[in-house]
Amino acid sequence: MSKFLVLFRRCSPLLVCSLAFGAPSLSGQEGYIGMPNAYVGADGTWSIGYSFDKPYSSLWTSATLLPALQGTARYVGVAGISGFDSSQYGGDYGRYKDKVFDVKLQLLPESDYFPAIAAGRTDLFGTGLFRGEYLAASKQLGDVEATVGYGKNRIDGLFAGARWTPSQHPNWSLLAEYDANNYQEDFRASETFARRRKAGLNTGVEYRWGWLSMQAAYQQGHSSLNAMLNIPLNEREFVPKIYEPGYYAPTELPVRPTGEEWRSNPEHAKALQRALQKQNYTLVSMAYRRGTLILNLGNSRISEVGRAVGRAVRTALYFAPLETRTIKVTYTELDLPVATYEFFDMATLRDYLAGKIHRERFNEFVLVRSGGPQDRIEYGHDNVSLATGLSEEANLSVLLSEDGDIVQLRKQDSLLNRFKIAPKLGFYFNDPSGALHYDLSVASNIDRRLGEGLYLNTSVGATVLEDVSDVKQSSNSLLPHVRSDVAEYKRGGKVKLFKTVLNQYYKPATDWYARASAGLYEEMFAGVGGQVLFAPSGLRWAADISMDAVQQRDFKGWFGMRDYQTITSLASLHYRLPYGVTATARAGRFLAKDNGIRLEFKRRFRSNVEIGTWYTRTNGNDITNPGSPSSPYNDKGIFISIPLDSMLTVDSRSKGRFSISPWTRDVGQMVASPGDLYGLIEDDREQVQAFDGLGNFAEHSSESGRPEVDLPIERFTPWPNIKLRLEDSARVFPELTPLAKGGLLAGGAIALASLSDKKWDHLTSHHQDNRGLKAWNRFGKAAPWLAVGGAGLALAFGDERLQNTSFISLQSALAAGAGSMLLKQAVGRSRPEGDNDHWDRISGSKSRQDSSFPSNHAAITFAALTPFASEYDAPWLYGVATAATLGRTAARKHWFSDAVAGGLLGHAVGQWLWTAQRQNNRYQAVFDFGRNKAGVTINAHY
-5 MSKFLVLFRR CSPLLVCSLA FGAPSLSGQE GYIGMPNAYV GADGTWSIGY SFDKPYSSLW
55 TSATLLPALQ GTARYVGVAG ISGFDSSQYG GDYGRYKDKV FDVKLQLLPE SDYFPAIAAG
115 RTDLFGTGLF RGEYLAASKQ LGDVEATVGY GKNRIDGLFA GARWTPSQHP NWSLLAEYDA
175 NNYQEDFRAS ETFARRRKAG LNTGVEYRWG WLSMQAAYQQ GHSSLNAMLN IPLNEREFVP
235 KIYEPGYYAP TELPVRPTGE EWRSNPEHAK ALQRALQKQN YTLVSMAYRR GTLILNLGNS
295 RISEVGRAVG RAVRTALYFA PLETRTIKVT YTELDLPVAT YEFFDMATLR DYLAGKIHRE
355 RFNEFVLVRS GGPQDRIEYG HDNVSLATGL SEEANLSVLL SEDGDIVQLR KQDSLLNRFK
415 IAPKLGFYFN DPSGALHYDL SVASNIDRRL GEGLYLNTSV GATVLEDVSD VKQSSNSLLP
475 HVRSDVAEYK RGGKVKLFKT VLNQYYKPAT DWYARASAGL YEEMFAGVGG QVLFAPSGLR
535 WAADISMDAV QQRDFKGWFG MRDYQTITSL ASLHYRLPYG VTATARAGRF LAKDNGIRLE
595 FKRRFRSNVE IGTWYTRTNG NDITNPGSPS SPYNDKGIFI SIPLDSMLTV DSRSKGRFSI
655 SPWTRDVGQM VASPGDLYGL IEDDREQVQA FDGLGNFAEH SSESGRPEVD LPIERFTPWP
715 NIKLRLEDSA RVFPELTPLA KGGLLAGGAI ALASLSDKKW DHLTSHHQDN RGLKAWNRFG
775 KAAPWLAVGG AGLALAFGDE RLQNTSFISL QSALAAGAGS MLLKQAVGRS RPEGDNDHWD
835 RISGSKSRQD SSFPSNHAAI TFAALTPFAS EYDAPWLYGV ATAATLGRTA ARKHWFSDAV
895 AGGLLGHAVG QWLWTAQRQN NRYQAVFDFG RNKAGVTINA HY
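Mapped onto this note's numbering, the consecutive letters of the sequence shown carry residue numbers -5 to 936.
What the hints contain is simulated information worked out from the structure, not anything from laboratory work.
Check the hints yourself; a few may be wrong.
[Said to hold, decoys possible] Keeping only pairs whose Cα atoms sit at most 27 Å apart, straight-line, the calculated DSSO-like set for lysine-lysine is:
1. K649 - K91
2. K91 - K235
3. K717 - K418
[As the list claims (entries may be wrong)] Across the chosen pairs, the derived CB separations fall in these ranges:
4. D339 - S161: 54 to 60 Å
5. L720 - S837: 34 to 40 Å
6. A341 - G445: 45 to 51 Å
7. A581 - S161: 23 to 29 Å
8. P248 - S438: 35 to 41 Å
9. L472 - K717: 52 to 58 Å
10. S161 - K405: 52 to 58 Å
11. L808 - A281: 55 to 61 Å
12. D339 - N589: 54 to 60 Å
13. Q368 - N259: 48 to 54 Å
14. L808 - A170: 43 to 49 Å
15. A581 - L472: 48 to 54 Å
16. Q683 - F359: 17 to 23 Å
17. N589 - I42: 55 to 61 Å
None of these values were measured; they are calculated from a predicted model.
Idealized CB from N, CA, C, for every residue including glycine.
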């Protein structure tokens, strides 16, 4: 059978229509024709489409970012309204266009007896021309899907929709809806066809074939059309790897040397290096010491670390000295050791690679850990030992779909020296000179490894075609023009030196990475700087600090400089969440000397496609349109990264990246990183930390479907854990008799404390201007926030014991706070600051939530700190809580007995929940992965 037929047969499941894709409406959201439903599509569905619904035309994209969350972005054109009125281009011209972002959240999934319920909002940001909110309920009734809902603003009132998909013809659907859009209130509706539209009945037909869908509808006197491509991002791969080279299996077995022969004759090491380099292994170095064969290497093509290491080890077994007892492989990126694999039993290793034993047995003789500087093989500065085995000059090749390029001419050797020529195409939207601008150039990249961890990266480009320079409108930004002069740079010259940077990479310790850089960073800036990254092994987070002193380059694009200089400094925290989501927060100084924070969220789907967004808020105060003095513009955008291996018939590490954001903005901008460390190791680190870290090590077809190989989605289902904690807490809750005794003792303590209320208040009331008392009050006011915030940080970044204690702390704070508010409602005691008697009732004009007894700050502070004090035998924390609690009395916000009551309540709740839940091994959440599901299993020990 030909490989084409094999490819067609393996791809055929993707060409079969599946209702899991759902059916986006004209706006891109799941729905009917113009009305939404309560579904959000299958998790990971990414749709791209174009719709025409007079007077509107939309280029849209939508994605089910999480199982219950769908986001949509669309570029809407309005026929009948001119886009610009600039005199530079002859007055009114073009069509008005608007960027729209929508979101839909499914509040309840559909069940056997209840419908799915979702809430949505359209046009979240910006102009708000299409803003609206709605609530929808949908139910599948046999072949018919039905929806009813209610909306406000653009969707005005009740709406409904139905879709009939006959089971005999699942590719076809008939649609009907009651359209409740208030077209008369649309933007300048009197000037467009919208003035003739009204609410009413619409009908349509849909056809789906694989990833492609088409909808045609009739809407009360006019027709609409919607065409789309639906891509299932949670498919592991879209195209089978029918042209993927097999692992090393020589027809003529090499003769394995003894250890003495290996040491005395370097040809044995050279033979292994040549065999590895032919399989795209890079920076191959090796050593043999006391029965251990040590390999340092990377791979320029294979995307999975475990599979790359597996092929390397399989190859090494053919060449290793006969006395070899252990093989140690350190996988590297640009000379940085990322992960180390140690195999301690050669017979077990061979048996597993041959499929004779199970993975569980093999794992008993494997150690996977983070790589450290001690794992590097020392060699001379002349690179002789590293370059051994390079017997042939690398050839110049024409490659397709590499590094995100459609086509490229490339020459690369195993030392990561590379020469590449490739076309580059950029697009720019929504300028008065035209809705779309382009820039087509040819770029030549020269990368040279100068020493261990030392790399020179150079890029020279020549413009072929572009019209960005046609932009005649000068920037009116009030900030330094760090990005908004892009048209000037395009006019500056046809041939430019885009980049020439010298990077030195370091690995000072196992979990630490560092980089020092100098040169021309990008088209607009040159600089010198560096980055330090801390990525602790086995944890979900990493943190880095980068600092660069930069100067703006001139428009010609060579070595000339402009006067503008600045120092950018950003501290970043990266945290990996369930569902493949990574959250990043960056804080510091940006390129236009503005200070602030940038938040990024991205999700990596099973296909390794990443979709993300960012939002930056600084003190830059960009008031240029659409910003204003009362509402300055803040930088924001979306980005997408597409790994090419999911769409090729061979494995590849190449990725295509692009982003959508304003291109003439100066606020919240960052200089292009010469070599971001977190981006360099992120993929490898995530793979090594998943399950046993081996991935598809042996490439056994029998292991297909195992979670270690398929890496299913990590889901978040906390209810089993919470349920078990609630059961344990109820089980140890005091019975009536000890509870009554405890209540009497607490009541007695509060009564005794109340005897000192007036004396304590009299003492503090005469010193209200004292700085010490004011500082004490501020500490008491902040204490609950500090305690709860500290518990939250410990929950995110601590070990299992600390995480369990932190979770108990947060529960205790919540329960004590709720109990305190209930007591406030019941007692209604007035505060001392109004010169009231210490048992006066609160006045009728004030809310009982503002009553004095007990102190809510005291209750929450004691409740949050008690579990830590008990778990770690730290009674000094009670002193901290007491000092913070009395701080509230210093400012006459509470009576002394209020503080005592709140502290007793918080301590009692914290001690109760800690006693019930202190055994953290009862609540270890183990991610339960299956072929088509993932959840959380709770191991309960009795």
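Next on the checklist: Against the range 48 to 54 Å, how does the distance between the Cβ atoms of Q368 and N259 compare: consistent or not?
Outcome noted: violated, 28 Å
Checklist entry - Regarding A581 and S161, is the given constraint of 23 to 29 Å on their beta-carbon distance met? => result violated, 55 Å
Next on the checklist: Between the beta carbons of Q683 and F359, is the distance compatible with 17 to 23 Å?
Outcome noted: For F359 against Q683, whose Cβ atoms are near 20 Å apart, the range 17 to 23 Å holds.
Checklist entry - Is the distance from the Cβ of L472 to the Cβ of K717 consistent with 52 to 58 Å? => result holds, 56 Å
Checklist entry - Range hint 48 to 54 Å: satisfied by the CB atoms of A581 and L472? => result Roughly 23 Å apart at Cβ, these two residues miss the hinted range, so it is violated.
Next on the checklist: I want to verify a distance hint. Is the separation of the beta carbons of S161 and K405 within 52 to 58 Å?
Outcome noted: holds, 57 Å
Checklist entry - Taking 43 to 49 Å as the hint, is the beta-carbon distance of L808 and A170 inside that range? => result holds, 47 Å
Next on the checklist: I want to verify a distance hint. Is the separation of the beta carbons of D339 and S161 within 54 to 60 Å?
Outcome noted: holds, 56 Å
Checklist entry - Is the Cα-Cα distance between K649 and K91 27 Å or less? => result violated, 31 Å
Next on the checklist: 34 to 40 Å was suggested as the range; check whether the CB atoms of L720 and S837 agree with it.
Outcome noted: With Cβ atoms ~39 Å apart, the hint holds.
Next on the checklist: Within 55 to 61 Å: is that where the Cβ-Cβ distance between L808 and A281 falls?
Outcome noted: holds, 57 Å
Next on the checklist: Can you confirm whether the C-alpha distance between K91 and K235 stays at or below 27 Å?
Outcome noted: Violated, at about 42 Å.
When each numbered hint is compared with the structure, violations occur for hints 1, 2, 3, 6, 7, 13, 15, 17.
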